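With the hints as constraints, model all of the structure from the sequences given.
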Amino acid sequence: MQVSVDRDRCCSSGMCVTNAPEVFDQDDRDSLVMLRQTVVPPEQFDDVRLAAELCPGRAITVTGDGPARTGA
Amino acid sequence: MTTAPTTPVLALPAPHSGGCPFGPPPAYPEAAATGPMTRAKLPDGDLCWLVTGFAEVRTVLSDRRFSADIRHPAFPLLVAGARELITDNPDFLRLDDPEHARQRRMLTGEFLVKRVEELRPEIQRIVDEALDRMTAGRTTADLVTDFALPVPSLVICLLLGVPYEDHDRFQSLSRTMLSRESTVEQLREAQEGVLEYLRDLTTRKRAQPEDDVLSRLAARDDLSAEDAAAMGVLLLVAGHETTANMIALSTALLLDHPEQIPGLADPATLPGAVEELLRLLTIVHTGLPRVALEDVELGGVTVRAGEGVMAMLSTANRDEAVFGGAGRRATDELDLHRDARRQLAFGFGVHQCLGQPLARAELQIALETLFRRLPELRPAGERAFRTESFIYGMRSLPVTW
Ligand code: HEM
Ligand code: SF4
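Respectively, the protein sequence lines represent chains A and B. If you read the first sequence in my numbering, its first letter stands for residue 1, the second for the next number, and so on. If you read the second sequence in my numbering, its first letter stands for residue 1, the second for the next number, and so on.
Everything labelled a hint here was simulated from the structure, so no lab data went into it. Honestly, I wouldn't trust all of these hints.
[Claimed, not checked] Not everything, but these chain A residues come out facing chain B in the computed CB check (under 8 Å):
#, residue
1, Met1
2, Gln26
3, Gly57
All values derive from a computational prediction rather than experimental measurement. C-beta: ideal position from N, C-alpha, C; glycine also.
This is the structure:
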């Protein structure tokens with residue numbers, strides 16, 4: 001699975017941190033989304049997919065299903 | 001059945017009569033049952049669309065073709081004559097990007113999930129002290145005035161740096177601002193009153209800064225004094241009336257379903273339980289107003305450029321396809337084991353509630369602590385709901401323990 005974030009679209013809702021805290025964080029400097037890890041283990045696929053669906057700024061993109069690398 | 005032209009158009013806002021006292025005005029779910037888009041009439045006589053479907057509500061709130069700019073001449077307003085109250089510089093809740101994002105970003109650092117996590121011990125202390133005061137030497141109380149209101153009020157005052165002694169004053173003004181029974185004249189006075197209060201306070205904070213949100217806003221040179229005051233009003237009103245009503249309604253609802261109270265006790269299920277309470281209660285009953293900037297195909301109709309829409313969070317949050325399912329109670333009932341994480345009580349899109357991490361923390365701590373410390377809590381008389389408010393809630397909830 002690949003996860004990428006578009007920081008220009010992030011409105012700092014914190015929803016991704018609430019739904020998938022292992023994968024997403026909020027940057028101390030500008031409050032925008034940050035990825036915490038580059039590889040998403042399969043047990044977190046559901047959380048990450050939910051985080052992408054529920055991102056109010058549509059800033060999170062998930063592609064692929066396999067235990068792949070992350071982009072961006 | 002008659003055809004569309006003779007069907008009476010639903011008048012907004014619908015009265016809160018009949019139906020479940022915890023649910024939205026019955027006219028909204030009735031409209032939702034006929035399809036995701038319903039014609040409705042605003043108090044000024046203009047037609048608009050009532051958007052009731054889950055997917056359609058999410059689209060309206062996240063598609064830039066729908067504007068939140070209240071200065072648009074066709075922006076839907078729920079109080080007759082309120083258009084004359086709109087100023088040239090509304091708060092960012094009612095502005096579009098880029099100005100909305102510019103102002104919102106000045107505050108996002110204050111509401112980071114990890115910032116709010118650090119506040120938990122402080123919130124816990126406020127909750128415990130409120131309960132100490134409520135229970136000291138007596139066995140009955142009004143849960144609204146003795147617990148649900150003071151907790152969020154103390155929290156937001158602490159964060160903003162507003163003296164709590166002043167809370168009576170801004171509480172009654174914000175009541176007037178949120179009441180659908182207020183006249184335009186009363187609205188104007190209340191709006192001016194709160195702004196005046198925040199103007200004075202931010203001026204003082206600029207001269208004598210402290211460690212609080214208002215001081216940091218007042219110190220900025222990229223924010224006018226007027227905009228800083230408007231932002232303070234938004235935070236103060238949005239930050240206490242909403243959470244207070246959620247605490248009161250949640251308590252009353254749980255007292256009606258005592259068998260579900262144990263769902264709050266386990267730290268693993270508490271966050272999910274709060275999402276379910278947010279979903280079912282969806283206190284912004286009237287929906288979120290937007291105006292279409294272009295023609296948009298939505299839910300089988302064409303919304304024309306310049307038409308108003310009301311995104312109805314309460315009906316979207318009762319969508320059986322999203323929140324129902326095998327083994328779950330119907331979506332107009334409480335089911336603390338439901339997966340309610342898709343709930344839209346905080347809105348969606350770039351305006352989604354800025355204070356949601358704080359609201360979640362307050363609700364989790366307040367409800368868990370209340371039912372843990374007072375396991376015998378039960379109703380003690382006639383409760384009253386706040387049906388006249390744009391933010392649904394409770395006027396009183398007598399309890400004993
Ligand atoms: C349970 C409690 C709460 C509920 C149900 C709630 C609900 C909402 C909703 C539905 C919106 C979106 C309005 C729109 O899109 O038109 C919103 C926006 C907002 N809320 Fe909350 N809220 C709550 C608590 C809070 C708290 C505690 C604060 C702050 C300290 C807060 C501050 C704000 C602000 C500043 C906005 C405007 C965001 C923007 O326009 O970008 N809210 N809230
Ligand atoms: S959910 Fe989306 S908008 Fe919210 S903080 Fe994460 S990336 Fe940003």
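- Structure versus earlier hints, numbers of those that do not hold, lowest first: 1
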